[in-house]
Amino acid sequence: GIQVEQSPPDLILQEGANSTLRCNFSDSVNNLQWFHQNPWGQLINLFYIPSGTKQNGRLSATTVATERYSLLYISSSQTTDSGVYFCAVEGPNTDKLIFGTGTRLQVFP
Amino acid sequence: NAGVTQTPKFRILKIGQSMTLQCTQDMNHNYMYWYRQDPGMGLKLIYYSVGAGITDKGEVPNGYNVSRSTTEDFPLRLELAAPSQTSVYFCASSQTGLPEAFFGQGTRLTVV
Numbered sequence: 169g170i171q172v173e174q175s176p177p178d179l180i181l182q183e184g185a186n187s188t189l190r191c192n193f194s195d196s197v198n199n200l201q202w203f204h205q206n207p208w209g210q211l212i213n214l215f216y217i218p219s220g221t222k223q224n225g226r227l228s229a230t231t232v233a234t235e236r237y238s239l240l241y242i243s244s245s246q247t248t249d250s251g252v253y254f255c256a257v258e259g260p261n262t263d264k265l266i267f268g269t270g271t272r273l274q275v276f277p
Numbered sequence: 003n004a005g006v007t008q009t010p011k012f013r014i015l016k017i018g019q020s021m022t023l024q025c026t027q028d029m030n031h032n033y034m035y036w037y038r039q040d041p042g043m044g045l046k047l048i049y050y051s052v053g054a055g056i057t058d059k060g061e062v063p064n065g066y067n068v069s070r071s072t073t074e075d076f077p078l079r080l081e082l083a084a085p086s087q088t089s090v091y092f093c094a095s096s097q098t099g100l101p102e103a104f105f106g107q108g109t110r111l112t113v114v
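Residue numbers (this note's numbering), protein chains in the order written: chain A, 169 to 277; chain P, 3 to 114.
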C-alpha cells in the first residue's frame, strides 16, 4: 500500500517563528488532507489539497503531486498551534485514507 | 449539527470481554472510517465503509468487526478484548465529492 512519511518528527519553536512541515508519499494520490490534533486529542481538518496551493490565515499548504510531496507552512506561530500535524492520503483505486507518522509541534511563549 | 458522535468516551475492559464502540454521523456522509491511535503514534485504519451495506478492511483489522446497516451508524465490535487493543479509537466520515474527513472526539479504551 501507499507509504506516507512526515518530517521532521518533532519541532520546537518560539512564538512568532515560522515553520515548514513536509509530507512525502510513495504513489500518486486522489486525496491529500492535513489535520491538526490538539493537545486534547481532537482532530481538525486544515486543508484538502491533492494538488496546488491553499491558504487559510497563518497556515498555507502546497502539494506537488508530480513529485509526491506536500508542505504545510505555519507563519507567526502561536502557542495554540501546538499539537501534532498529520497528513493523510488516498491512493489511486482505493478508498482508504492513510495517515502519515505526524509532526509533533511545540510552540513556547 | 452534531457531526460525528462517538460513545462511550472512556471504557475499561477486562481481557476476554467484548464491547461495541458506537459511531453516528448526521451529515449524510457515505464514507465512514475507524482508526486507532496508540500513545505517541499516528492513526491506523481498522475498517472503512463506502456506503450502507459495504465494509472493507483497513491496515489493522484483526480482532475487530464492523457493520454498516444504515448511512448514519458504523459500530465497531471487539469480540475478545486483548491488552494490545488498548488505544484511542476515532471514527470519521466524509462524502464523495467533498472528501474532507470529519472526526469524532475519540473513545479511550483500556484493556486490563
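In case anyone wonders, no lab produced these hints; they're calculated from the structure. You may find that some hints are simply not true.
As the list claims (entries may be wrong) - So the derived label-pair ranges between C-beta atoms look like this:
1) Arg79/P <-> Tyr241/A: 38 to 44 Å
2) Lys59/P <-> Gln246/A: 36 to 42 Å
3) Gln223/A <-> Gln24/P: 35 to 41 Å
4) Glu102/P <-> Tyr237/A: 33 to 39 Å
Please read all numbers here as calculations on a predicted model, not as lab measurements. Even glycine gets a Cβ: it sits at the ideal position worked out from N, Cα and C.
Exercise for review: May I ask which of the numbered hints given earlier this structure violates, with the numbers listed in increasing order?
Suggested key: Violated: hint 4 alone.
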